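At position 456 of the first sequence (counting the first as 1) the number is 455 in numbering that gives the first Met the number 0, and the numbers step up by one without a gap.
These aren't lab readings, by the way, just hints derived from the structure by calculation.
Treat each hint with caution, since some may be false.
Cut-off 20 Å, straight-line C-alpha distance, at most; resulting in silico cross-link-like pairs (SDA-like, lysine to any residue) [as the list claims (entries may be wrong)]:
id	residue 1	residue 2
1	Lys174	Ser185
2	Lys323	His158
3	Lys454	Ile349
4	Lys454	Ile326
5	Lys12	Ile349
6	Lys22	Trp459
7	Lys454	Ser430
8	Lys187	Thr245
9	Lys312	Gln350
10	Lys101	Thr404
11	Lys174	Glu95
12	Lys343	Gly371
13	Lys323	Arg393
14	Lys187	Asn227
15	Lys312	Ser185
16	Lys174	Gly189
17	Lys153	Pro232
18	Lys323	Met449
19	Lys187	Lys131
20	Lys153	Asp102
21	Lys174	His233
22	Lys187	Ser176
23	Lys187	Gly320
24	Lys187	Glu172
25	Lys338	Asp305
26	Lys312	Glu95
27	Lys22	Gln3
28	Lys338	Gln350
29	Lys22	Ile349
30	Lys101	Gly397
31	Lys184	Asn227
32	Lys153	His233
33	Lys73	Gly189
34	Lys323	Ser381
35	Lys131	Glu95
36	Lys187	Lys153
37	Lys184	Glu117
38	Lys73	Glu95
39	Lys184	Ala120
Just so you know, these numbers come straight off a predicted model, no measurement behind them.
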Amino acid sequence: MALQIYSTLTRRKENLVTLNSGKVRMYVCGPTVYDRAHIGHAMSSIVFDVIRRYLEYRGFEVQHVMNYTDVDDKVIRRARILSFEPLKLAEKYIDEYDQHLKDLNILEPTVRPRASEEIPAIIERVEELVAKGFAYSVDGDVFFEVSRDPNYGKLSGRHLDDMQAGVRIEVDERKRSPADFALWKSAKPGEPSWESPWGLGRPGWHIECSAMSARHLGDEIDIHGGGNDLIFPHHENEIAQTESLTDRAFARYWVHNGMMQLGGEAMSKSTGNVLSIEEFLEMHEADVLRLLVLNSHYRSPLSFNDEITEAAKRGLDRIKGALKPAIPGDDDSSRHPSKPLTDKASQDFIQAMDDDFNTPRALSAIYELVRGINQARDAGASQQELGVAQDKLREIAGVLGLRLTGPRGLESQASGLVELLLEIREELRESEHWALADRIRDRLSEQGVMLEDGKQGTIWHFDGQVG
RNA sequence: GGCGACGUAGCCAAGUGGUAAGGCAGGGGUCUGCAAAACCCUUAUCGCGGGUUCGAUUCCCGCCGUCGCCUCCA
C-alpha cells in the first residue's frame with residue numbers, strides 16, 4: 000500500500016508520487032512575525048514536522064522550507080505602536096520562534112528564508128509577471144490581474160462572480176478588478192522599502208512565498224503546506240502567480256492543517272483569546288502539546304482546553320511508563336517473545352501513517368504496544384526481551400517527534416540520598432512502622448520522587464520521567 | 001449570501017456497507033500493609049427525518065446544530 004496524502008486541490012487522497020523519486024520538496028508557510036507565536040502556530044509546525052519525520056522514516060530525503068514573513072502591514076503597524084524598527088521587531092520574533100521550534104522538538108527546516116532577504120528574487124518574479132501581461136502597475140503598485148488566469152479559484156473552489164457579491168471591503172479604485180491583488184506595494188515614508196522598477200516599495204504577501212519557494216525548491220514542488228486559513232486567498236494567489244508563468248502545476252499536493260480553537264472560538268488577538276507557546280511550555284513539557292495535537296487528525300479543527308491537555312499529559316505518562324525496566328529477578332524470556340508484538344505495532348503504525356498521516360490511529364498502535372509491554376513485564380519478561388519492544392516504542396514515538404524524557408540531570412545527584420531513604424524505609428516497613436514509611440513516600444512524592452513498591456523491592460523515578 | 005468542513009460513549013478521537021480502534025475520566029476486580037503503577041472486566045442502538053440496499057453509523061436527499069474561509073491570520 001502506497002503512502003497517501005490528501006490534497007486540497009483534488010479534495011481526495013492521492014498516492015504520493017514525487018517529482019524526483021526518493022525526494023520530497025516541501026514548502027510550508029510560516030508565521031508572520033509581528034507578535035508572540037501561539038499554540039495554533041505550534042500546531043501547524045508540529046503537523047508538518049511529523050509529516051517530514053514520517054517521510055524521512057519511509058526513506059525519503061526531505062527538503063523542508065519554512066518561511067518567515069517579516070515585511071508586512073501587520074509588522075509595520077505593530078512596530079509603529081511599539082516604536083520599534085519593523086525589521087528589528089520581526090527579527091526578535093523570528094529568534095523567538097526559532098527557539099520555540101527547538102523547544103518543541105521540531106526538526107530544523109532545511110531553509111528558513113525571510114521575505115526581507117529575498118527581495119531581488121521577488122522583484123524578478125514580479126517583473127516577469129508584468130512582462131507577460133499577467134500584472135499591471137499603477138502609481139508604484141503592481142497588481143496581479145486575476146481575470147488573466149482562467150483557472151483562478153481552483154484550489155478554494157471559488158468563482159470570481161460569487162466573490163464580488165461578498166466583497167464588503169473598501170476596494171482600491173485603481174485595481175481593474177476587486178479580486179486583483181498586490182504583488183508590489185509602493186512605500187510610505189518610514190516603511191521598510193527597496194528599490195524596484197516601480198520605485199521604492201515592498202513585496203506583497205503572496206508573491207514572497209512563491210518567489211522563495213521557486214528560489215529554494217524550484218518552480219515545481221511536491222508539497223505546499225500551511226494552515227487551512229491560507230487556502231484563500233493566499234494559496235490561491237500563489238497558484239495564480241506561479242502557474243501563469245510556468246504553465247505547470249506549482250505543487251503536486253496542497254496540504255492544509257485544521258485550525259486550533261481556544262474555548263470554542265478561533266484564537267484571536269482582539270479578544271485576547273490566545274495562549275502563547277511560551278505560556279504553554281511554562282506549564283507543560285513539549286511532548287504534551289505534541290501528543291494533544293497528534294491525538295486528532297491534522298485536517299480537523301482542534302478545540303484546545305484544559306481537559307484535553309490533562310488527558311494528553313496522562314496519556315504521555317502512560318507511554319513513558321512502558322519504558323520502565325523489567326522486574327528484577329523475574330527472568331523468563333522464552334515465554335514472552337517481543338517480536339510478534341513489535342511487528343504488529345510497526346505494521347499498524349505504518350499503515351496508519353501511510354493513510355494521510357493518520358496520527359490518532361498511529362497513537363492507537365503505540366498504546367497497544369504499551370499495553371503489550373506492560374503485560375509482558377507483569378508476566379515476568381526479561382529486560383532483554385522487554386528492551387526489544389521498548390526500543391520499537393521509542394522508535395515509532397520518535398517518528399512522531401515525542402521525546403519521552405523527563406527532567407534529567409538531578410538524578411545522579413539525588414540518587415544517593417534517595418537510595419539512602421529507601422534503605423531506611425525498607426527497614427521501617429520490615430518492622431511495620433507504616434506511618435513513618437508512608438511519610439517518607441509522601442514527602443518524596445512532594446519533591447517529585449515517585450516510589451513504587453513491588454515484590455522485588457522498591458523502585459523510584461522522577462515524576463513524569465522514566466528510565 | 002457564496003465556498004468548505006464537521007456532528008461517534010461523561011470528555012477527546014479513529015473507523016467500516018454486515019451492529020464500532022485508542023486515550024482520559026467513571027465503576028468492579030487482581031496485586032499491595034496501605035498507596036502508586038500495571039494488568040483484567042465494564043460503559044455507544046454512531047445529530048434528526050426520509051431514501052437506496054438483503055443489510056447503513058458508513059452511500060443519497062432534506063432538516064437541525066457547530067465551525068472555518070470569503071479582509072490580515074498556522
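Going down the list of hints, with the structure as the test:
1. Lys174 x Ser185: 14 Å, holds
2. Lys323 x His158: Violated. Lys323 to His158 sits at ~58 Å, over the 20 Å cutoff.
3. Lys454 x Ile349: Roughly 38 Å separates the two Cα atoms, so the pair is violated.
4. Lys454 x Ile326: 9 Å, holds
5. Lys12 x Ile349: Satisfied, since the Cα-Cα distance of roughly 16 Å is no more than 20 Å.
6. Lys22 x Trp459: 45 Å, violated
7. Lys454 x Ser430: 17 Å, holds
8. Lys187 x Thr245: 32 Å, violated
9. Lys312 x Gln350: Since the Cα atoms of Lys312 and Gln350 sit roughly 26 Å apart, the hinted pair is violated (cutoff 20 Å).
10. Lys101 x Thr404: 15 Å, holds
11. Lys174 x Glu95: It is violated: about 38 Å lies between the C-alpha atoms, which goes past 20 Å.
12. Lys343 x Gly371: Measuring from Cα to Cα gives roughly 11 Å; hence the hint holds.
13. Lys323 x Arg393: 12 Å, holds
14. Lys187 x Asn227: With Cα atoms ~31 Å apart, Lys187 and Asn227 exceed 20 Å; violated.
15. Lys312 x Ser185: Distance of about 50 Å is beyond 20 Å: violated.
16. Lys174 x Gly189: Answer violated: Lys174 to Gly189 is near 25 Å, above 20 Å.
17. Lys153 x Pro232: 11 Å, holds
18. Lys323 x Met449: At roughly 13 Å apart (the allowed maximum being 20 Å), Met449 and Lys323 satisfy the hint.
19. Lys187 x Lys131: 28 Å, violated
20. Lys153 x Asp102: Outside the cut-off at roughly 38 Å; violated.
21. Lys174 x His233: 18 Å, holds
22. Lys187 x Ser176: 23 Å, violated
23. Lys187 x Gly320: Violated - the C-alpha atoms of Gly320 and Lys187 are around 59 Å apart, more than 20 Å.
24. Lys187 x Glu172: Answer holds: Lys187 to Glu172 is near 18 Å, not above 20 Å.
25. Lys338 x Asp305: Outside the cut-off at roughly 38 Å; violated.
26. Lys312 x Glu95: 25 Å, violated
27. Lys22 x Gln3: Holds, because 15 Å separates the two Cα atoms, which is no more than 20 Å.
28. Lys338 x Gln350: 18 Å, holds
29. Lys22 x Ile349: 19 Å, holds
30. Lys101 x Gly397: 15 Å, holds
31. Lys184 x Asn227: 26 Å, violated
32. Lys153 x His233: 13 Å, holds
33. Lys73 x Gly189: 14 Å, holds
34. Lys323 x Ser381: With a Cα-Cα distance of about 12 Å, the restraint between Lys323 and Ser381 holds, given a limit of 20 Å.
35. Lys131 x Glu95: 40 Å, violated
36. Lys187 x Lys153: Outside the cut-off at roughly 34 Å; violated.
37. Lys184 x Glu117: Between Lys184 and Glu117 the Cα gap is close to 16 Å, so the pair holds against 20 Å.
38. Lys73 x Glu95: 18 Å, holds
39. Lys184 x Ala120: 16 Å, holds
The structure fails to meet hints 2, 3, 6, 8, 9, 11, 14, 15, 16, 19, 20, 22, 23, 25, 26, 31, 35 and 36 from the earlier list, while all remaining hints are met.
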